Structures are given as C-alpha cells and as structure tokens.
Amino acid sequence: MARIIVITSGKGGVGKTTTSAAFASGLALRGYKTVVIDFDVGLRNLDLIMGCERRVVYDLINVIQGEAKLQQALIKDKHCENLYVLPTSQTRDKDALTVEGVTTVMDELRKDFDYIVCDSPAGIESGALMALYHADEAIVVTNPEVSSVRDSDRILGILAARSRRAEQGEEPVKEHLLLTRYSAKRVEDGEMLSMEDVKELLRTPLLGVIPESEVVLQASNQGIPAVHMGNTDVAEAYKDVVARFLGEEKPLRFIQAPKVGFFKKLFGG
Amino acid sequence: MSLLDYILGSRKKTANVAKDRLKLILAHEREEGGPDFLPALQEELLAVIAKYIPVDKNNIKVSMERKGDFEVLELNILFPDQH
Numbered sequence: 001m002a003r004i005i006v007i008t009s010g011k012g013g014v015g016k017t018t019t020s021a022a023f024a025s026g027l028a029l030r031g032y033k034t035v036v037i038d039f040d041v042g043l044r045n046l047d048l049i050m051g052c053e054r055r056v057v058y059d060l061i062n063v064i065q066g067e068a069k070l071q072q073a074l075i076k077d078k079h080c081e082n083l084y085v086l087p088t089s090q091t092r093d094k095d096a097l098t099v100e101g102v103t104t105v106m107d108e109l110r111k112d113f114d115y116i117v118c119d120s121p122a123g124i125e126s127g128a129l130m131a132l133y134h135a136d137e138a139i140v141v142t143n144p145e146v147s148s149v150r151d152s153d154r155i156l157g158i159l160a161a162r163s164r165r166a167e168q169g170e171e172p173v174k175e176h177l178l179l180t181r182y183s184a185k186r187v188e189d190g191e192m193l194s195m196e197d198v199k200e201l202l203r204t205p206l207l208g209v210i211p212e213s214e215v216v217l218q219a220s221n222q223g224i225p226a227v228h229m230g231n232t233d234v235a236e237a238y239k240d241v242v243a244r245f246l247g248e249e250k251p252l253r254f255i256q257a258p259k260v261g262f263f264k265k266l267f268g269g
Numbered sequence: 001m002s003l004l005d006y007i008l009g010s011r012k013k014t015a016n017v018a019k020d021r022l023k024l025i026l027a028h029e030r031e032e033g034g035p036d037f038l039p040a041l042q043e044e045l046l047a048v049i050a051k052y053i054p055v056d057k058n059n060i061k062v063s064m065e066r067k068g069d070f071e072v073l074e075l076n077i078l079f080p081d082q083h
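Chains as they are written, first to last, in full-length UniProt numbering: chain A, 1 to 269; chain B, 1 to 83.
Keep in mind that the hints were calculated from the coordinates and are not lab data. Values in this document were obtained by computation on a predicted structure and should not be read as measured data. Any given hint could be a false lead.
List time: in silico PhoX-like cross-link candidates among lysine-lysine, alpha-carbon distance up to 20 Å [said to hold, decoys possible]:
id, chain 1, residue 1, chain 2, residue 2
1, A, K239, A, K250
2, B, K13, B, K23
3, A, K11, B, K51
4, A, K76, A, K111
5, B, K51, B, K61
6, B, K23, A, K11
7, A, K69, A, K111
8, A, K11, A, K239
9, A, K11, A, K94
10, A, K199, B, K23
11, A, K185, A, K76
12, A, K199, B, K51
13, A, K33, A, K78
14, A, K199, A, K264
15, A, K199, A, K185
16, A, K185, A, K111
17, A, K199, B, K13
18, A, K239, A, K78
19, A, K33, A, K111
20, A, K185, B, K19
21, B, K61, A, K185
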C-alpha cells in the first residue's frame, strides 16, 4: 500500500517543486516505485524541473475527465528506473480538479506504487487543499524568513484540520519541516533565523536543511532534479533528507559556515 | 558582520527581531483564528439541532478558548421562544 506525501508551504517560491522533484527522485534511487504529481493546475512546472516537458501528452485533468487512461498520462523519468511523473493541465478552469476525481486517481496509483509525492501549489485555495487532502505525511518547505514561517504555520493548521485523516478522525498527518535556502553564514552573523528558531516557532520536527546554492538554478536550467547534481552540497542534503524520511539516522550537514581567516573576520568582507 | 562592527555594536541582530515578531504574531493568530474546523463544526451542529428544534443559524455560536493548560469548547445556542 502506497504512502502519500504532500510537499507544501503556503508561500510560493520557497522550493516546493524543486523539493518534490529531488525527493521523489531520491526515493526512486533508493529502489522505491514512486510517482510525483503536479497539483498546480494552470501553472504547470514540475515537468520542466523534471526535464520531461516535451513528453507531456495527457495530464491529470485528462485522466480525471475520462479523456485518457492513467497509464497514458504517466511519464517515465529518464534518470530513474522506478520513477513516474504525472503532469497537470494548463487549463484556466480552476474547478477542473474534483475531490472524487483525485480520489479515484489516488486509489488507482496506490495499487501500483510505494510512494506518491504530491507537489502542492502555493496558497490555501482548492488546488492546495486537494494536494494535501489524501496525505499520510507532509513535508512543509520553509525559508528562514518571516513571511514563509508565518505561511507554514498557517498550512500546518490546515493539515491538522482539513486533511482526509483529520476529517475521518484517523491518526493525524505526520508533519516534517524542511528548511531550504539556508545560509549558515548569515545565521552566524545574526541576519537569518536559525534552524533552531524555526523549529521552535513551528513546533515541527526538522527533516533536513538544504543550503542556499547556485546548484538549484543550474539543475532547473537543465531539467535535472537537484539530487542528481554530482557531489554538490544540495544533492547530498536531499539524499540525507530521503534517508531520514526512511528512518535512518543522519546528522545534519551544511549547517556551519566555512571558517574565515582572521583579517576577514576583523574587517568584514 | 565583522568583529569591528560587533565591538562597536553598530548593528542590531535582525534575526532576533524576526524571531520575536514571529513569536507574537503566531501566538496571536493561533488563538484568534481558532482551529480551522470550527466553521464546519458549527454547520454540522446546526444541521443536527435543526432536525429537532427550529433554530436560526445566527443563534448558534461555537468558540474555542484557551484557559491555562486546557482548551474549552463553548457552544452557545439561543432557542426560539416557546409558545
């Protein structure tokens, strides 16, 4: 039976899609049959980040509306054997996603996959609610910055109240916090909220810290999920996130600024 | 920030300012909004009560309050006058 994980945040531009692509790829690299679904109807982007934008023929909405079979809409990833992408539609009809339709698709996917990763749109409108509704676990992507932390708090409240698990009185959605765009240097300088600060404010266990890095842009430029970016800190950090998610003990890395020389410390730079 | 800045105390740590502001606003918003299920709970309670007693939907109020260590769910229903 598959586990359903929603990647959500409330705020836009914090790294949901980057994380969805990297996390789903990481699960597939570990041998799990995984599908990653784009829920951002009208603003399709997961296909670009996964590098499969030219292979989209049918999408989630086509499947829901009975215009295509699920198997026709699933795109096999080119980097990982066990990974599939289910793109969303570019339609402007925001009611295209229906609870019944999404439930049917989820039930069908559950039979075939180990993990179903749902890439949520920003905001707290119907698309975001639909993405989190079926979740067993949630990864709340947060930047160490005031508006992102506040929106994450809001989305944590919604997860606790509006998910299927909440509605049916089941065990609550398991919540994880993922800090992205983290600059250890700026934290040390007292210019950025630390991971301890954010963890304390949001009262949610920390799954990992992804350092701010130019690698993320290089990855999206090429349509390669960040976890495949060679020996970079971002790729390593995402691999650690996947390992921790699977229950392994992994100490946090990339949370300390590189040591600077005495003169630079004295005069700044 | 350089050591000289630190010694001269020329800059306040903005991360601490951010944390303090967030602490206040999050505590306020968690209290004020109450849990997100309240409107739905109110609707459903109204539907059940309306089955037995005719009540106006404006005459039912559901609220949640934190008192010390526990939360109190308060349900206030105003019944119509009996003839």
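Practice prompt. Starting from B:K61, check that the Cα of A:K185 is at most 20 Å away, please.
Written response: 50 Å, violated
Worksheet item: A:K11 and A:K94: Cα distance at most 20 Å?
Response: 19 Å, holds
Worksheet item: Are the Cα positions of A:K199 and A:K264 separated by 20 Å at most?
Response: 31 Å, violated
Worksheet item: Would the pair A:K199 and B:K23 pass a check requiring their Cα atoms to be no farther apart than 20 Å?
Response: Holds. A:K199 to B:K23 sits at ~12 Å (cutoff 20 Å).
Fill in: Straight-line alpha-carbon gap A:K185 to A:K111, limit 20 Å
46 Å, violated
Worksheet item: Quick one, are A:K199 and A:K185 close enough, alpha carbons at most 20 Å?
Response: 19 Å, holds
Worksheet item: Keeping to a limit of 20 Å between CA atoms, is the pair of B:K13 and B:K23 held or broken?
Response: Judged against 20 Å, a Cα distance of about 16 Å means the pair holds.
Item to complete: Assess, step by step, whether the Cα of A:K11 is no farther than 20 Å from the Cα of A:K239, and give holds or violated.
Response: Between A:K11 and A:K239 the Cα gap is close to 24 Å, so the pair fails against 20 Å, i.e. violated.
Worksheet item: Given the hint that A:K199 pairs with B:K13, does the C-alpha gap stay at or below 20 Å?
Response: Measuring from Cα to Cα gives roughly 19 Å; hence the hint holds.
Worksheet item: If you draw a straight line from the CA of A:K33 to the CA of A:K78, is it 20 Å or shorter?
Response: 14 Å, holds
Worksheet item: Between A:K199 and B:K51, is the straight-line Cα distance small enough, at 20 Å or below?
Response: 46 Å, violated
Worksheet item: Is B:K23 close enough to A:K11, meaning Cα to Cα at most 20 Å?
Response: The hint holds at about 18 Å.
Going through the hint list in order, the structure does not satisfy hints 3, 8, 11, 12, 14, 16, 21.
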